[in-house]
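S.K.: Just so you know, the sequences run in chain order A and B.
Take any residue in the first sequence, count from 1 to its spot, add 39: that is its number in the numbering used here.
Take any residue in the second sequence, count from 1 to its spot, add 292: that is its number in the numbering used here.
There may be inaccurate statements among the hints.
[As the list claims (entries may be wrong)] Partial list, derived from the structure: chain B residues whose beta carbon lies under 7 Å from chain A:
#: 1; residue: Arg318
#: 2; residue: Leu345
#: 3; residue: Met363
#: 4; residue: Phe365
#: 5; residue: Phe369
#: 6; residue: Leu371
#: 7; residue: Gly382
#: 8; residue: Leu385
These are computed hints drawn from the structure, not numbers from a lab.
Glycine is no exception: its CB is placed at the ideal position from the N, C-alpha and C atoms.
Residues per chain, in single letters:
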Amino acid sequence: MSTFTQSAVTALDLITSGDPALWTIVGRSLAVSATACLLACGLGLVLGSWLGVARFRGRGVCLTLLNTMLAVPSVVVGLVVYLLLSRSGLFGAWGWLFSFKAMVVAQALLVLPVVTALTRQVVEDAEHGHGEQLRSLGAGTLLRSVMLAWDERFALLTVLIAAFGRAVSEVGAVMIVGGNIDGFTRVMTTAIALETSKGDLPLALGLGLVLLSVVLLLNSLIALVRGWRQRVEGGSFAGPAGAAA
Amino acid sequence: MRTVLTLHGVNLSFGPVAALRDVNLRVDAGERVALVGSNGSGKSSLLRLMHGLKAPGAGCFVCHASVRQAMVFQRPFMLRTSVQNNVALGLWLDGVRWHTARAQALRALARVDMAELAGRNARALSGGQQQRVALARAWARQPDLWLLDEPTASLDPHAKREVEALMADFARGSPQRPMTMVFASHNLGQVKRLASRVVYLEHGRVLADLPVGDFFNAERLQAVSAAACLFVKGELA
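Whole structure, please, built from the sequences with the hints as guidance.
M.R.: Shown next, in the form of structure tokens:
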């Protein structure tokens, strides 16, 4: 049996037998990313909704900066958070470096522009389609942003799921601020990187399979939500955001 | 008769496109004014300006602050919630408490014969049903001035008749509270049935402003505007 096949068989065995080392890492990964997404979404949804509706001087510059932050490499985010949380940094006294909290902060900062930018796009499309009618009913900017975000909640749900996928699959930021400490800050992506470099393929493969499954599950959820939406709203001429005057 | 709104020399542009040019118009309480003209003539822009959705680039627009307005659009927007909630929304935005707004919404839906669908998802309704919900939403707010932008344009003949009947019913108002209506329409039959006065627009200008009887009198219309006369002949052909 080839090395790869052997490793794959061992990896499947680790998964199905409930190997504590593997599943502890998986649990920690999901906890870090879920917490980070909750924080990022709490702020990103509000900011993105408001940006989708509000019109002010400098809005174009804000959107350009926001879209630029979408492409910031995760290692750069990790570096910035590291500098802030290091002993000589602004928040060094908190003692958060190389901890769960540091990883959550880094991933939250990484995912925040994603949530904000995608929310902004969804709400802005809805505002173009329906904002006029809401204004006609008397809804101001803030209320319109909330109402349109709520109305597009299924589209925003897919934004949240995509943001979680981004967070759970990144490695650069958590490696820098978490330190990949065994039993403490080791998550799926950093463990895969380490185990592969050590040549310990079964654990790396096992974690990789779990990570792939998580991403597959997320995408399946997105497809399910879309399909359910289409079934519920059928052929109504109101249709998706932006389609009707 | 009380003047509801006045426009003096109003211009409105969207970038390089002049949507309204030097529009002078006065609407009195109780009038049912139809705006007619081909696509792009400025009907929708004029309605939006009257409703405060657009500001004039030049000229003067006056609408008394006490005049309550409601606008119905060609394709009404329904939130992803129940029909009753969609109607209650307008009232809630007017400052009515939500619980009271929902109760009033139910009465408005009964008025348009939609009460049995109050709990349905509004997005799942047909076009005609959604337009009736939009009319209920507007009616519930007890407006003094109705603005309607081609409310039957997207509907099948049966739904058109139903919505038109509701428009006629609402337009009657009451002796104590006359209802004023300004509506845009391509349907000259509808204009004849509903309007008391017709304003013809072309390229953003008002070319004719006549009582409905005179507007559909070829000789009188020809004397005022040859273009309007051609338009009517073309539409009725």
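S.K.: If a hint holds in the structure, say so; if it doesn't, say that too.
M.R.: Hints and how they fare:
no.: 1; hint: Arg318; verdict: violated (23 Å)
no.: 2; hint: Leu345; verdict: holds (6 Å)
no.: 3; hint: Met363; verdict: holds (5 Å)
no.: 4; hint: Phe365; verdict: holds (6 Å)
no.: 5; hint: Phe369; verdict: holds (4 Å)
no.: 6; hint: Leu371; verdict: holds (5 Å)
no.: 7; hint: Gly382; verdict: holds (5 Å)
no.: 8; hint: Leu385; verdict: holds (4 Å)
Violated hints amount to a single one, hint 1; each of the other numbered hints is respected by the structure.
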